[in-house]
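Protein sequence lines correspond, in order, to chains A and B. According to this note's numbering, the first sequence is numbered sequentially starting from -12. According to this note's numbering, the second sequence is numbered sequentially starting from 2.
The hints are simulated quantities; they were obtained by calculation from the structure and are not laboratory data. Careful, some of the hints might be misleading.
In silico DSS-like cross-links for lysine-lysine, where the CA-CA straight-line distance does not exceed 30 Å [said to hold, decoys possible]:
1. Lys4(B) with Lys692(A)
2. Lys60(B) with Lys656(A)
3. Lys77(B) with Lys4(B)
4. Lys60(B) with Lys648(A)
5. Lys4(B) with Lys67(B)
6. Lys77(A) with Lys100(A)
7. Lys4(B) with Lys694(A)
8. Lys67(B) with Lys77(B)
9. Lys631(A) with Lys648(A)
10. Lys60(B) with Lys77(B)
11. Lys60(B) with Lys4(B)
12. Lys67(B) with Lys656(A)
Quick list of the computed label-pair ranges, beta carbon to beta carbon [claimed, not checked]:
13. Leu660(A) with Pro58(B): 14 to 22 Å
14. Asp41(B) with Ala789(A): 26 to 34 Å
15. Phe659(A) with Glu74(B): 34 to 42 Å
16. Ala76(B) with Leu660(A): 56 to 64 Å
17. Ala639(A) with Ala76(B): 42 to 50 Å
18. Arg756(A) with Asp72(B): 50 to 58 Å
19. Gly27(B) with Lys694(A): 18 to 26 Å
20. Arg682(A) with Asp35(B): 48 to 56 Å
Here's a subset of chain B near chain A, in silico, CB distances under 10 Å, partners left out [said to hold, decoys possible]:
21. Asn14
22. Ile15
23. Arg25
24. Phe75
25. Leu83
26. Ser109
Ideal placement from N, C-alpha and C gives every residue a C-beta, glycine not left out.
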Amino acid sequence: MTSINQLIGISLAYVAFLFAIAFFAERSAARGRGGWMRSPLVYTLSLSIYCTAWTFYGAVGYAARSGMEFVTIYLGPSLVMLGWWWVLRKLVRIGRAQRATSIADLISARYGKSNLLAIVVTVMAVIGVTPYIALQLQSVTLSLTVFSGPEGVRDPLNQASAAFWVAVGLALFTVLFGTRNLNANERHSGVVMAIAVESVVKLVALIAVGVFVVWGVAGGYGPMLERIDASPIGEWQMDRSRWVALTALSAAAFLCLPRMFQVLVVENENERHLQIASWAFPIYLMLMSLFVVPIAVVGLDLMPAGSNPDLFVLTIPLSQGQSGLATLSFLGGFSSATSMVIVATLALSTMVSNHVVMPVWLTTQGEGAQVSGDVRNVVIFARRASILLILGLGYLYYRVSGGGAALAAIGLISFVGVAQFLPALLGGLFWRAATHWGAVAGLVTGFAVWLYASFLPSFGPDAALSASVLADGPWGIGWLRPRALFGIEGVDPTVHAVIWSLTLNTTMFIAVSLLSFPSPLERLQGAQFVNVFEHSTQPREWNAALAASEDLMIMTQRILGAPEAQTLFRAEARRQGLSGHLPEPTQGFLQTLERELAGSVGAATAHAMISQLVGGASVSVQDLMAVADESAQILEYSNQIEAKSQELARTAGQLREANEKLTALSVQKDAFLSQISHELRTPMTSIRSFSEILRDTDGLGQVEKTKYASIIHGEAIRLTRLLDDLLDLSVLENGQVSLNLETGRLEDILEQAVVTARAGSAGQLDIQRERTNETQVLTTDLDRLSQVFINLVTNAGKYCDAQAPRLRIDVEADDVGMRVVFRDNGTQIPLGARALIFEKFARLNDKEGSGAGLGLAICREIMTRLGGDISYHPEPTGNAFVVHLPRDVALAAQ
Amino acid sequence: MGKHVLLVEDETNIIEAIRFLLSREGWQVDTHSDGATAVDTIRAMRPDLVVLDYMLPGKSGMDILKELRADQEFAKLPILMLTARGQSRDRAEAERAGVSRFMTKPFSNTEVMTAVRDLVQLAQ
Chain A
-12 MTSINQLIGI SLAYVAFLFA IAFFAERSAA RGRGGWMRSP LVYTLSLSIY
38 CTAWTFYGAV GYAARSGMEF VTIYLGPSLV MLGWWWVLRK LVRIGRAQRA
88 TSIADLISAR YGKSNLLAIV VTVMAVIGVT PYIALQLQSV TLSLTVFSGP
138 EGVRDPLNQA SAAFWVAVGL ALFTVLFGTR NLNANERHSG VVMAIAVESV
188 VKLVALIAVG VFVVWGVAGG YGPMLERIDA SPIGEWQMDR SRWVALTALS
238 AAAFLCLPRM FQVLVVENEN ERHLQIASWA FPIYLMLMSL FVVPIAVVGL
288 DLMPAGSNPD LFVLTIPLSQ GQSGLATLSF LGGFSSATSM VIVATLALST
338 MVSNHVVMPV WLTTQGEGAQ VSGDVRNVVI FARRASILLI LGLGYLYYRV
388 SGGGAALAAI GLISFVGVAQ FLPALLGGLF WRAATHWGAV AGLVTGFAVW
438 LYASFLPSFG PDAALSASVL ADGPWGIGWL RPRALFGIEG VDPTVHAVIW
488 SLTLNTTMFI AVSLLSFPSP LERLQGAQFV NVFEHSTQPR EWNAALAASE
538 DLMIMTQRIL GAPEAQTLFR AEARRQGLSG HLPEPTQGFL QTLERELAGS
588 VGAATAHAMI SQLVGGASVS VQDLMAVADE SAQILEYSNQ IEAKSQELAR
638 TAGQLREANE KLTALSVQKD AFLSQISHEL RTPMTSIRSF SEILRDTDGL
688 GQVEKTKYAS IIHGEAIRLT RLLDDLLDLS VLENGQVSLN LETGRLEDIL
738 EQAVVTARAG SAGQLDIQRE RTNETQVLTT DLDRLSQVFI NLVTNAGKYC
788 DAQAPRLRID VEADDVGMRV VFRDNGTQIP LGARALIFEK FARLNDKEGS
838 GAGLGLAICR EIMTRLGGDI SYHPEPTGNA FVVHLPRDVA LAAQ
Chain B
2 MGKHVLLVED ETNIIEAIRF LLSREGWQVD THSDGATAVD TIRAMRPDLV
52 VLDYMLPGKS GMDILKELRA DQEFAKLPIL MLTARGQSRD RAEAERAGVS
102 RFMTKPFSNT EVMTAVRDLV QLAQ
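Sequences are here, hints too, so could you generate the full structure?
See the structure below:
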């Protein structure tokens, strides 16, 4: 007999073998090789995780206890598979189209992508599957104990620790292979390959035991049939209600179990695989069930009374001294248990981390978390923690439930639990009026009934529910007894739980759905789910003959731009051996074109556009919805771009402004330089020309000589004055001027200015002053102030065009100081020129004797330096220049 | 045939100098100092040569040049342009506009007279 240590060694070696398979499968998948791994065969075999340790060991036990009824467990899934085109095809199509990662994801997607629903389904799935995982732990532990010695001397502590280590080992495997890499599609080629291999192992093991039993023990086919006939198992005593309920239940569980969803939908590579699996998987199930009855019959005959029929698969070979066969059988059971646990935990951990952990984490992290790089690590951590949690729960259930119940009974509890998803799932697939709240109500009701009528009582009296509650109902209310709800008694507990939970579930689902209104997103998703086949997402073939290359070209140009479109078309034309730029619209080219366009406008839009032109395919509702979807995305994208471009426009505006300022400055500088050049070169021209005339001309008269010499002299003075002014202005503008502060009387300063100006060009001017007002004493740069006054008087003398030019100088006090006002009686300065008069080189006309246009500019600079200012005011009968002096200048000397 | 020149210039002293130089060589010298009416005067006088200052009150010499060149009748009229602005851009612009000769102030008398002689020769 194989010792327990050898067995553990073999188990470890087997697990290592699975590791290797998973590892190599994943590696070749990553390298793009191993197309055979994505074959329908692997898909079919991977579905066999439906056959867990429960089916491997429990089916025989079931048969030994209840006869042919075990067939229902195989019948349900077989019916589902054979009727694949009705539900499964739709489920797979939708699952792929919606990129559902789990059944929770799918249900929540159908009902408006509700996270509440996802959480409800996740919690239900975790609780519902926990007994199932416990079942696997129990079966592995039980099978181990068979090898450890005769029953009765088994140490329960040892069992517990064995179960513990099995759980740890499975957790390790799942963590290693389930969370190694995160794909968007949640596919795990390594794990799928490993479970496909395991399914072969368990089938081979069970058939080997069966063959041994029939031909090795019973003595062949004929004697075996006789034995069966003689056995009570062979009688077909059908309890109709149980048969119907159990077949329906197993069919429901096949659709609703998270692990089945994982292999059926999530890991599905190709919809056609489903078609093949639809007959191949029932054959697999048939093979699995082929020898169940013979083993059970022989076991009952052979084994001592009271031995556990769940373990006949192991104990029969052992009792016959076939330890090799027993070991193979053990591996078969081990395979069944491990594959189920691995995929189930994988599926559940995806749900837990996607729908519970991540949303919570993201809300607690705030906005920044979604863009930071550590989400990936958080996801992986969440997955791993979920795996440990789920296996921990399984182990806990195993310990709490005492590990005593028959395997089949525990399995059925799980089945009833997950079957609660069925109304929401099927309703979602076939009934557009189904709503989110209907789904929530149905799920919660069904789950509550299941908890109360099936799950909690499974722990036994006084564990979760007290014995009195079980017997008499809570608070003695008879019709609330968990096993006899609403007074219906005498029904099998499983049937009872199935009927009540699913009936109430469905009723609530329908009632609340009818009473509530779907959100727009729900409506949309509902249409996408229910009418999935009307809008096929499969690549469709184009009716190429109908497409006009020219139309395609025009459209492509609009989308890709002319140069790219032409390059594309010309390259294709060349490939087809055609001259010119219009290729034949072949099938291949249309698909290339669709891909190219999809890159710019999105797949659905591209498809719709080409189908419009090709005319062969109509634009379906889903196409339109997808177009709308894409348009929304594009709109959002273009909004972002618009925001960006607005920002750019702002920046461009600022740049333009800056540039305009610079240009204006540059124009100013240019104008300034041109002006200076002009002002300097003009007198120099006269000087040069006349000096050359004087030098080169013989026989000039004395009068002419004198005239020309005085022109030269005058222009030289003009030049000097100009240079003085320029230097003055430059010094003033640069702030390099140092003020020479002195104290003097206003009257004296004005007097000096008037005298100086009269000596110049203001000789004709009639100047009027009120000397009694000019008594102020000032402390300022008196020379500079005088310069301003001289300038103003001189200007009046030069430019006042009145018949009798007159200038009136008034001194007035004002609220912030005092003003000296120079009023003349000349023509007003034109409105447009007023703003310019204080600018450099601003001259109103080129009247003879006018200066370079620097005088008032200098005055303004001086007044600024002195802390005052100068301004121009038109008067009814002339012009006024106002020199304003701040109070402190005036007060300083008082 | 008396040679007739119109001097469009607003600086009295420069008018005086150029008048002296040209009349000494037998030119009949007329002067005009307002930019705005210069073109009309030229149309009326139909001189053999125009000496044109760049900076004029009313209208710049450059605009006058362009206006004249736009008229078929004055397309070939010899125009000597003088400027005190000293911007090389102006020379390029004037040449594009079809100036006959462009000269920057201060000029030498010989330079001006040589240019005038050249222009007369070319025109004949």
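The hints, checked one at a time:
1. Lys4(B) with Lys692(A): holds, 27 Å
2. Lys60(B) with Lys656(A): Holds - the C-alpha atoms of Lys656(A) and Lys60(B) are around 22 Å apart, at most 30 Å.
3. Lys77(B) with Lys4(B): holds, 16 Å
4. Lys60(B) with Lys648(A): Measuring from Cα to Cα gives roughly 27 Å; hence the hint holds.
5. Lys4(B) with Lys67(B): holds, 24 Å
6. Lys77(A) with Lys100(A): holds, 19 Å
7. Lys4(B) with Lys694(A): Roughly 27 Å between the alpha carbons, so the hint for Lys4(B) and Lys694(A) holds.
8. Lys67(B) with Lys77(B): holds, 12 Å
9. Lys631(A) with Lys648(A): Holds - the C-alpha atoms of Lys648(A) and Lys631(A) are around 25 Å apart, at most 30 Å.
10. Lys60(B) with Lys77(B): The hint holds at about 21 Å.
11. Lys60(B) with Lys4(B): holds, 26 Å
12. Lys67(B) with Lys656(A): Satisfied, since the Cα-Cα distance of roughly 25 Å is no more than 30 Å.
13. Leu660(A) with Pro58(B): 14 to 22 Å: holds, 20 Å
14. Asp41(B) with Ala789(A): 26 to 34 Å: Once the Cβ atoms are compared, 31 Å apart, the range 26 to 34 Å for Ala789(A) and Asp41(B) holds.
15. Phe659(A) with Glu74(B): 34 to 42 Å: holds, 38 Å
16. Ala76(B) with Leu660(A): 56 to 64 Å: violated, 33 Å
17. Ala639(A) with Ala76(B): 42 to 50 Å: holds, 44 Å
18. Arg756(A) with Asp72(B): 50 to 58 Å: For Asp72(B) against Arg756(A), whose Cβ atoms are near 57 Å apart, the range 50 to 58 Å holds.
19. Gly27(B) with Lys694(A): 18 to 26 Å: holds, 22 Å
20. Arg682(A) with Asp35(B): 48 to 56 Å: violated, 33 Å
21. Asn14: holds, 4 Å
22. Ile15: holds, 6 Å
23. Arg25: holds, 8 Å
24. Phe75: violated, 25 Å
25. Leu83: With Cβ-Cβ at 8 Å, under 10 Å, it holds.
26. Ser109: holds, 6 Å
In this structure, the hints that do not hold are numbers 16, 20 and 24, in rising order.
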